[in-house]
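Asker: We have chain A; now place chains B and C onto it with these hints.
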Amino acid sequence: MIGVELRKLVRRPRTWVSIALLAALPTLVAVFLAVSDVAPRPGTGPAFLSAVLDNGALFPAAALAIVLPLFLPVAVAVVAGDAIAGEAQDGTLRYLLIRPVGRTHLLVAKLISVMAYTLLAVLVVSGVAYVVGTQLFGSGPLPSVSGTELSTGAATLRTVLAVLYVGWSMLGVAAVALFLSTLTDSPLAAALGAIALLVTSGVLVALEAAAVVQPYLPTRYWLAFVDLFRDPVLTRDLLRGTALQAVYIAVFLGAAWANFTTKDITS
Amino acid sequence: MIRTTALTKRYGKVTAVEDLDLHVAEGDRFGFLGPNGSGKTTTVRMLLGLVLPTSGRVGLFGSSICRDSLAQIGSLVEGPAFIGHLSGRANLRLSDAAGPRGSRSSRRRRIEDALEQVGLSGVDRRPVKAYSLGMRQRLGLASALLRRPRLLVLDEPTNGLDPQGIREVRDLLLKLNAEGTTLFLSSHLLSEVEALCSRIAVLDRGRMVLQDDLSAFRRPTGLIEVRTPDLYQAEQLLGKRVEGTAPDGLLLVRHDDPAQLNVQLVRNDIRVVTLRPRLRSLEAAVLAATGNGSDRLAGAKDPR
Amino acid sequence: MAEPTWRWGAVAAGVAALMALPALAGALPARDSGRSAEELLAKVRASGTVGWSGYGESRGTLVLPDVRELSDLGDLVGGTTRVRAWWRGPREWRVNALSLVGETDTTRDRGGGWTWHSADRRALRLVGDLDVRLPAAADLLAPTLGRRLAGTEDVTVRRLPARRVAGMSAAGLRLVPRQPALTTVHRVDLWVEPDSGLPLQVEVRVPGHGGAEGGETDEGEIALQAGLLEVDLAPPAQERTRFSPPARAQVTRVDAPDLAAAADRFAPYVLPDELAGLPRRPRSALSVGGGVGTYGDGFTAVALVPLPEDLARSIIRRVDPGGNAEQAAVSTPLVSGLIGRDGRGRAFLAAGTVPPSTLSAALAQLRVTPPARRTR
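Protein chains in written order, with my numbering: chain A, 1 to 267; chain B, 268 to 571; chain C, 572 to 947.
If we strip away everything but chain A, and leave its shape as in the complex, we get (with noise of 0.2 angstroms):
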């Protein structure tokens, strides 16, 4: 069922051109860059956006900078609000549990085919970035935000585990709009509930008044893959974005499995 679900996944034409648009978009603001050779103010703009211009090994990281805050959500919302919700629309979710596939069986197979696409999605985004960042911009030894040069391994390395970190944060993304897709029969609805969240959790993470339930929320660590390129790395929110989206995962994924195993299936 796994294999049937990545293989659904590669032959869906959406898969690429989400996956397309998403690398497109830091892409087109590095072409801006090299063209104008103007870099944000410093300060302004993504991360590490105003350091790439000397840098372009750094572009990766500011690649995921620039699609972190929506265009990866989004496009991981609609994958996950689609994995249940688009076969009920479809009406092939109710050939598939009489084929019959276990519905716990199901819902894990839509899972990793989730992960896989959002691993896929970081994974384009940065790789794509990595080249046409040295292309455009030239590569160096790659400066930590403290003003230390990091190895060419080093360096590496907390790229990798930059893009592991997007990958999972996003994962949270994931779970939650997978338990949204098991509510409904709107594949579109699920997604939006899901992007809500995450406006919502948006907001209140610039608010000031809302600092009770901030470490609750989920946005509230995404960008904590910027502390992996300090020196030395500063564990502290990246551990508790980790174990915040482990539970988000936890919760929501056993939130979807209690829905999805008891549920009519009526589409």
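Worth flagging that the hints you see were computed from the coordinates, not collected in a lab. Wrong hints could be hidden among the right ones.
Covered stretches of chain A, going by a simulated chain B footprint (3 or more residues, C-beta under 8 angstroms) [said to hold, decoys possible]:
1) 7–17
2) 86–95
The list that follows gives simulated cross-link-like pairs (lysine to aspartate or glutamate, EDC-like), each with its CA atoms no further than 20 angstroms apart [said to hold, decoys possible]:
3) B:Lys442 to B:Glu459
4) B:Lys280 to A:Asp264
5) B:Lys507 to B:Asp523
6) B:Lys442 to B:Glu379
7) B:Lys442 to B:Glu423
8) A:Lys263 to A:Asp185
9) B:Lys442 to B:Glu383
10) A:Lys263 to B:Glu345
11) B:Lys396 to A:Asp90
Taking CB as the label site, the calculated pair distances span [claimed, not checked]:
12) C:Ser902 to A:Leu21: 49 to 57 angstroms
13) A:Glu208 to C:Glu897: 31 to 39 angstroms
14) A:Leu21 to B:Gly294: 55 to 63 angstroms
Each residue gets a CB set at the ideal place from its N, CA and C atoms; glycine is no exception.
Answerer: Positioned in the frame of chain A, the structure of chains B and C alone reads:
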């Protein structure tokens, strides 16, 4: 094959199916009739484990609903459904790979067999979304036949087919039944059920109102239809036995033995064009049992 | 039906367990060391040589007027600052003030200090010390701030119950000024690692609105708090406190003696030895000359800075747009500032943790006896 006991499904306060005891034996061609909204679909979904009963239980092949029992069922529920941007073959391949009993080595052959059975063997690589309604219906049937099931649960299987297609599907189902496949056919079309089924259950407003062999529904009425040009002589001869006449020369005669009646008529020089016992029609039986379709919103005192 | 219920029950139980984890961790009891207040205070004052590293946050509730020259300061005392620090001694440390996507790092060595701004990849080398400068993130580090406040002599000290800070049991200490009228500080609460005396958490309170002002019953309001959330009480490796600018960074060099000399040339004044009743503080060993003075100590610190005329005018205009361009006051519950002119019309800034009246008195004193020009 299928045995439900006191099967009940409530959605909140609405009772969709109540206290249903279905029994489908091996080799049956079972017709499940009922007007729209009578709980047919809910029942079919409960049989297939899609909808969980509020109470009562479903037995399949002598056990409860499980992976093993479901794997022996091929089904078509509320129309076929496919991944639109893939071809029919690709859809069948994915569907076959998804569940148990889809051994990879025999997959290609089983797919071709199933397509051939439903008359789609020549289908090309175009995506399913470009198929006509009839082609989709055939592909849905092919998907149901893929694992050579012991039991076919079909909901309106001839929907969208042209008369030629309906005939083909009917023949296919009869052939499969003859080879040992049990058929469970849910439909609101009397003619379809009448043409295919050997046993019939009728559902009305969530309750079963009839469950019997088709032959029991169609027992003789004790009347014999006689068509003759010598209408007057015949009436004279039979006297009080004549229950009625039709203007086109059809006599309704109360008589227990058609052969005896024929002999009597012919000996009295009355020419007989046709003579046959009148059977009770299924339609009449069903209408008598169900009253109105439950999607009608008329009050209790229906003018009909 | 029973089946759906148990699944949801399992999920609900899991959620409850996960939610309870942080609460359980926070409920660990704190052990009290039993040390006396005086003993702890002495340890705190001597804790500058204790090596440690860690992560901390400081939070201020002071609202400064929107003046560009003060915007960094405004963020510092009016918002939350996240810092990481490595401390080997008073002249060997590094403090990184973290923002979401960058950081501003300050390192200190025997010859001076480095400041690194990651956002525009700018490194600033300062040679020597400055007598007066705007507060920076390093000053709001709980150990630094706590030590500075604990240096005050004119206070009464008593113990508070221990509390868990950064995963350790920290002994509580309360400092209350003996002469509340002289300072804006209502009281200072410290929580200290009892063996090393390292302050782990500091709360600076100003008199509250409720209750008798400055009275015993007044709990006050927190104006500034700083705390460590993670701390390692081992001296960090030396390379952690060093800085060398990375390639392609823009490096600027500033000499404190040059600055001081420039200030001296600009304002070669002999500042009074006593200002509004507060004695002038001795200058640091590395500082040279200097047209600025610091007065008082601990809770009653005042800085007196001569200002260039155009800077003074621009600040006055923005603080008090409708004013007469002669004087402007900035006042927060904890810190007050006053720009005014002396008897010869020269602009001065006086600022400190004193009531505005003290600053008015200071400037009045300058008007009566304007500082004399230093003769070389």
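Asker: Now, for every hint given, state plainly whether the structure supports it.
Answerer: We went through each hint and held it up to the structure:
With a cut-off of 8 angstroms between beta carbons, the segment 7–17 of chain A has 5 residues touching chain B; three or more are needed, and the interface restraint holds. Closer than 8 angstroms: that is the beta-carbon criterion, and the segment 86–95 of chain A has 5 residues meeting it against chain B, so the requirement of 3 holds. Of the pairs offered as hints, the one joining B:Lys442 and B:Glu459 holds, with about 16 angstroms between alpha carbons and a cut-off of 20 angstroms not exceeded. Proximity of B:Lys280 to A:Asp264 is assessed by CA-CA distance (about 16 angstroms); at most 20 angstroms being required, the pair is judged to hold.
Proposed proximity of B:Lys507 and B:Asp523 is supported: the alpha carbons are some 14 angstroms apart, at most 20 angstroms. Straight-line distance between C-alpha atoms of B:Lys442 and B:Glu379 comes to about 18 angstroms, which keeps the hinted pair within the 20 angstroms bound. Distance hint between B:Lys442 and B:Glu423 is fulfilled; the C-alpha atoms sit about 18 angstroms from each other, no more than 20 angstroms. Distance restraint check for A:Lys263 and A:Asp185: the Cα-Cα separation of roughly 12 angstroms lies within the 20 angstroms cut-off, and the hinted pair is therefore satisfied.
Among the hinted pairs, B:Lys442 with B:Glu383 is consistent with the structure: their alpha-carbon atoms are about 14 angstroms apart, no more than 20 angstroms. Annotation: proposed proximity of A:Lys263 to B:Glu345 holds, straight-line Cα distance about 18 angstroms (limit 20 angstroms). Our distance criterion of 20 angstroms between C-alpha atoms is met by B:Lys396 and A:Asp90, whose separation comes to about 11 angstroms. At roughly 54 angstroms, the beta-carbon separation of C:Ser902 and A:Leu21 lies within the given 49 to 57 angstroms, and the hint holds.
The hinted range of 31 to 39 angstroms is satisfied by A:Glu208 and C:Glu897, whose Cβ atoms lie roughly 36 angstroms apart. The hinted window of 55 to 63 angstroms between A:Leu21 and B:Gly294 holds, with their beta carbons roughly 56 angstroms apart.
Hint check: no violations occur; every hint is consistent with the structure.
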